[in-house]
Amino acid sequence: MSDWMQNLQKTRYVMDTLLLVSFMIVSAPQSTGVPGHEWLSLLFIVPFAVHLLLHWDWIKQSAKRFSKKITAKERFSLVWNYLLYLMMLLATVSGFLVSVALLPTLNIELHIQDFWSKIHHDSATLIMPMIGVHLALHWSWIVNLTKRMRVKRAKA
Amino acid sequence: MKYLQYHWKSRTFVVLAISILVSILLISLELTDWAAQINQQGYSHGSEGGEGKGIPSALRYILPFVKELVLIGVPLLLSLLLMKVLRWLRRAKKA
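Protein chains in written order, with full-length UniProt numbering: chain A, 1 to 156; chain B, 1 to 95.
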């Protein structure tokens, strides 16, 4: 079995890379085409759920940590993560509500509201800079893990 | 995958249940005056015939990814810079 599967940090690193790459593919409907964008968005729920499952301990402790004495950076990161989660849900939900390919294929007809079109476009655009800040907040972890993964690959 | 498999059924159920509940709350936004106002005004983005007709087809596939890299990368770099400045200021204050 691959080494990264035996280590929580490495599993997170591999799965988070997969999440980022799949997010970038899903967020480019001009490249994938709208039907591809919608079906891939449905699949995107899997790496997103995996990301949450791999950070289960953090989620469980987050409410307690907020009331404890923590650094300003940690507090900001905590609030930011929850905002990012809400924004991701908003983009996903609004995406389903403006679906022109996925839901009609499943014989579900919806009246598309301009409100949801605007919300989907705005939230999907806003998520990108939010992810940039999210990555910056975990930058030292990303750099450390990249080094650890490289060392392992060099040895192999 | 042992970390992912640990209690995965119950955890996935909790994650999905909370996400569906929050999603239902988010859907209720369409009942607000804000939504009614946007629906009344109408909304469209991009041009009907597709943007950038004169752009080579290969670029049309690449440019959305470049846009994403910029939208993620610039805030990432600015945040790293800000954190560095804040760390430097804290150290200067202590000294």
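No lab work stands behind these hints: they were computed from the structure. From the three backbone atoms N, C-alpha and C, an ideal C-beta is built for every residue, glycine too. Take the hints with a grain of salt, since some may be wrong.
Simulated coverage check for chain B against chain A, where a stretch passes if three residues somewhere in it have a Cβ under 8 Å from a Cβ of chain A [said to hold, decoys possible]:
| # | region |
| --- | --- |
| 1 | 24 to 33 |
| 2 | 37 to 45 |
| 3 | 89 to 95 |
Status of the hints after comparison with the structure:
| no. | hint | result |
| --- | --- | --- |
| 1 | 24 to 33 | holds (count 4) |
| 2 | 37 to 45 | holds (count 7) |
| 3 | 89 to 95 | violated (count 0) |
Hint compliance for this structure: hint 3 alone is broken.
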